[in-house]
Amino acid sequence: MVAKIKVEGLTKIFGKKPKKALELLQQNKTKEEILKETGHTVGVNQASFEVEEGEIFVIMGLSGSGKSTLVRLLNRLIDPTSGSVWVDGEDLATMNNEQLRQTRRKKVSMVFQNFGLFPFRTILNNVEYGLEVQGMKKEEREQKARKALELVGLKGYEQMYPNELSGGMQQRVGLARALANDPDILLMDEAFSALDPLIRKDMQDELIDIQNKMQKTIVFITHDLDEALRLGDRILIMKDGSIVQIGTPEEILMSPENEYVERFVEDVDRSKVFTVEQVMIRAETVNADKEGPRVALQRMKEAKISSIYVTDRHRKLLGIVHAEDVSQLIKEGKDDLKEAMETEVPTVTKETVLRDMMDLLTERTNVPVAVVEDEKLKGIVVRGTVVAALSGSEVKLNGTSS
Amino acid sequence: MELLPRIPLAEWIDAFVDWLKNAEFFFDGLTSFIKFFIDGIETILGAFPAWALILVIVAIAFWFGGRKIGLAVFVLLGLLLIDNLGYWNDMIITLSIVLSASIISIIIGIPLGIWMAKSTIVESIVKPILDFMQTMPAFVYLIPAVAFFGIGEEPGVIASVIFAMPPTIRFTNLGIRQVPTEMIEAAESFGSTGTQKLFKVQLPTAKATIMAGVNQTIMLALSMVVIASMIGASGLGTAVYYAVGRNDAGGGFEAGLAIVILAIILDRITQSVSKKERS
Numbered sequence: 001m002v003a004k005i006k007v008e009g010l011t012k013i014f015g016k017k018p019k020k021a022l023e024l025l026q027q028n029k030t031k032e033e034i035l036k037e038t039g040h041t042v043g044v045n046q047a048s049f050e051v052e053e054g055e056i057f058v059i060m061g062l063s064g065s066g067k068s069t070l071v072r073l074l075n076r077l078i079d080p081t082s083g084s085v086w087v088d089g090e091d092l093a094t095m096n097n098e099q100l101r102q103t104r105r106k107k108v109s110m111v112f113q114n115f116g117l118f119p120f121r122t123i124l125n126n127v128e129y130g131l132e133v134q135g136m137k138k139e140e141r142e143q144k145a146r147k148a149l150e151l152v153g154l155k156g157y158e159q160m161y162p163n164e165l166s167g168g169m170q171q172r173v174g175l176a177r178a179l180a181n182d183p184d185i186l187l188m189d190e191a192f193s194a195l196d197p198l199i200r201k202d203m204q205d206e207l208i209d210i211q212n213k214m215q216k217t218i219v220f221i222t223h224d225l226d227e228a229l230r231l232g233d234r235i236l237i238m239k240d241g242s243i244v245q246i247g248t249p250e251e252i253l254m255s256p257e258n259e260y261v262e263r264f265v266e267d268v269d270r271s272k273v274f275t276v277e278q279v280m281i282r283a284e285t286v287n288a289d290k291e292g293p294r295v296a297l298q299r300m301k302e303a304k305i306s307s308i309y310v311t312d313r314h315r316k317l318l319g320i321v322h323a324e325d326v327s328q329l330i331k332e333g334k335d336d337l338k339e340a341m342e343t344e345v346p347t348v349t350k351e352t353v354l355r356d357m358m359d360l361l362t363e364r365t366n367v368p369v370a371v372v373e374d375e376k377l378k379g380i381v382v383r384g385t386v387v388a389a390l391s392g393s394e395v396k397l398n399g400t401s402s
Numbered sequence: 403m404e405l406l407p408r409i410p411l412a413e414w415i416d417a418f419v420d421w422l423k424n425a426e427f428f429f430d431g432l433t434s435f436i437k438f439f440i441d442g443i444e445t446i447l448g449a450f451p452a453w454a455l456i457l458v459i460v461a462i463a464f465w466f467g468g469r470k471i472g473l474a475v476f477v478l479l480g481l482l483l484i485d486n487l488g489y490w491n492d493m494i495i496t497l498s499i500v501l502s503a504s505i506i507s508i509i510i511g512i513p514l515g516i517w518m519a520k521s522t523i524v525e526s527i528v529k530p531i532l533d534f535m536q537t538m539p540a541f542v543y544l545i546p547a548v549a550f551f552g553i554g555e556e557p558g559v560i561a562s563v564i565f566a567m568p569p570t571i572r573f574t575n576l577g578i579r580q581v582p583t584e585m586i587e588a589a590e591s592f593g594s595t596g597t598q599k600l601f602k603v604q605l606p607t608a609k610a611t612i613m614a615g616v617n618q619t620i621m622l623a624l625s626m627v628v629i630a631s632m633i634g635a636s637g638l639g640t641a642v643y644y645a646v647g648r649n650d651a652g653g654g655f656e657a658g659l660a661i662v663i664l665a666i667i668l669d670r671i672t673q674s675v676s677k678k679e680r681s
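Going line by line, the protein sequences match chains A and F.
Mapping of the first sequence onto the working numbering: position 282 corresponds to residue 282, and the numbering continues sequentially without gaps.
Every position in the second sequence, counted from 1, becomes a number in the working numbering once 402 is added.
If you are wondering where the hints come from, they were derived from the structure by calculation, not from laboratory data.
Note that the structure is predicted; figures quoted are calculated from it, not measured.
Treat the hints with care, since some could be wrong.
[What the hints assert, rightly or not] Below, simulated DSS-like cross-link-like pairs (lysine-lysine); rule was C-alpha separation at most 30 Å, straight line:
{"no.": "1", "chain 1": "F", "residue 1": "Lys437", "chain 2": "A", "residue 2": "Lys106"}
{"no.": "2", "chain 1": "A", "residue 1": "Lys138", "chain 2": "F", "residue 2": "Lys602"}
{"no.": "3", "chain 1": "A", "residue 1": "Lys137", "chain 2": "F", "residue 2": "Lys599"}
{"no.": "4", "chain 1": "F", "residue 1": "Lys602", "chain 2": "A", "residue 2": "Lys106"}
{"no.": "5", "chain 1": "A", "residue 1": "Lys316", "chain 2": "A", "residue 2": "Lys331"}
[Stated by the list, open to error] Derived list of chain A stretches under chain F, where covered just means 3 residues or more per stretch with a C-beta under 8 Å from a C-beta of chain F:
{"no.": "6", "segment": "110 to 118"}
{"no.": "7", "segment": "125 to 139"}
Idealized CB from N, CA, C, for every residue including glycine.
Pulled out of the complex, with its shape left as it was, chain A reads as follows (with noise of 0.2 Å):
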């Protein structure tokens, strides 16, 4: 993976002198110690990070903890009091005015909180504006900002004004507009802060459509945590303007930095956050390519379980059997499990959520539910992981013992 931003030792201090407190900063002294001796606010405290290429990364925060700062930092609307901002590995810090615009242009393209649309101009005019500026020829620009208005579903829309559209839907234009210059790069400020929670969903469902679809590098920022969750592969947490921690969803939920942490993780479902990979164990399972009835009933006696996954000989499911009907089929004189096999079972993907499998386990008690990938099984869920992992308790991180 290659870093596509590089943070280090960023920091913003707002005041007329900032020199002052930021010798204090390095020193050690807290944003209020600060602002008592000196009257300067902390925006951004030495922050140092790397976003990789093609992933979203949500910094998360309260209000007041930076984060609109640091992510204005980003693209220089704010300048830094210290500290650099490498973009490709080029210092935005050191560009002059005409190199600062054309990385604006053609790399890193904003989507803002309140949509930050024209009102004057039309929903077409308004994606084109980015080319515009750059001096594109009217065809073309109007082209690209009409194949943008498109992935952001938005086709018809061209001549209305932001003015008649609702919420969501200006975003989408926000968005559009961002998108039609083809950057590498998208920051997102609090982009769906402003919608309502279900258009809210949909537009974050939609941002990680694109996303698959374009692979850009997003820098999203949110005072959201279940958003935060949802739409990262990283998560940065600010607190006053420093940088708590930096990790994935997962980690952030089982391994919180400190207290600041853990206090905002508590109120989490994490049934929307953990994956059944998390919770999946070991499947015991009989081969019927080669094992018949009598192994299997041994198994399931060894693992004390009364039915067992059955498989080919590549691992692919066949289906279940329980073990009462194995010692009928053994009573019979029978050879072939697949006589006594159901093959209707509860299948999910390691991918899915648990949220969305909660119906599998309490429909059927007595059959736990298969992981599959490609036909073949991976493992099983059983209820017990699943409470456990549900109720906070430590869960092993790909857990594939039992």
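Place chain F on chain A using the hints.
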């Protein structure tokens, strides 16, 4: 209080005005520029017969005034009345003076307002000057105007510009400063140059506010015409001025009514342009 000699402010101003007279060539140039302006407008307006010009103005009022039949009818009847009362030529002169003063105010005022919006220092210098320009009794401007520009329409226009320009400057400044931060950030984040930002985002957004300022400027310029008639600017103002001198209530009312009609027409047209931009 006797201990403190009176500050010779008036003498200083007189000395300053005398000194300024050295720059006669400058004021002469300015006078001929303004004369050229007024004459130009007057020639264009005068080229039409009254009925033709009335139709043109009615069409403009209908077209830009939000296509309201009522307004068009009012404009038609109002202008016919002015013609009927015999104030048509006076009205053309007044309109030329008002338009000249307004156009000059806009040409100077909008760039100045933009500059003010861009720089807090400029704002803090220009604002008190504007306050001064607006609160100083308008009559006072007539004195140096006569000194530098003689008598006639030109000093009237100069005095009108000084008196009427502040709203355009103020509203331009205000309009640009009121553009939402996020829109500015959007413009910048897409790599706009300063000029692109100004012409593609700031001015279009501020247009309605700027137009409100222009409307005020035109109204103030119109309110100066009677005052300017004291220094020889002819037109409807002169008719009022004479009527006052001769205690002629009827004549005064007629000329005054003509001014009111002109004011309403100018106001409705510019106001609806401003409103259209806003919606």
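Worksheet item: Do three or more residues from the segment 125 to 139 of chain A put their C-beta atoms closer than 8 Å to C-beta atoms of chain F?
Response: Our answer is that it holds, as 5 residues pass the Cβ test (under 8 Å) against chain F, meeting three.
Worksheet item: For the segment 110 to 118 of chain A, do three or more residues have a beta carbon lying closer than 8 Å to a beta carbon of chain F?
Response: holds (count 8)
Discussion item. Holds or violated: Lys316(A) and Lys331(A), Cα atoms, limit 30 Å.
Written reply: Since the Cα atoms of Lys316(A) and Lys331(A) sit roughly 28 Å apart, the hinted pair holds (cutoff 30 Å).
Practice prompt. Decide if the proposed pair is consistent with the structure: Lys602(F) and Lys106(A), CA atoms, cutoff 30 Å inclusive.
Written response: Given pair Lys602(F), Lys106(A) holds - Cα atoms ~19 Å apart, limit 30 Å.
Worksheet entry | 30 Å Cα cutoff - pair Lys437(F), Lys106(A) | With a Cα-Cα distance of about 52 Å, the restraint between Lys437(F) and Lys106(A) is violated, given a limit of 30 Å.
Worksheet item: Within 30 Å, alpha carbon to alpha carbon, are Lys137(A) and Lys599(F)?
Response: holds (19 Å)
Discussion item. Against the 30 Å threshold, does the CA-CA distance of Lys138(A) and Lys602(F) hold or violate the hint?
Written reply: OK: Lys138(A) and Lys602(F) at ~15 Å, within 30 Å.
This entry does not satisfy hint 1, going by the numbered hints stated previously; all others are met.
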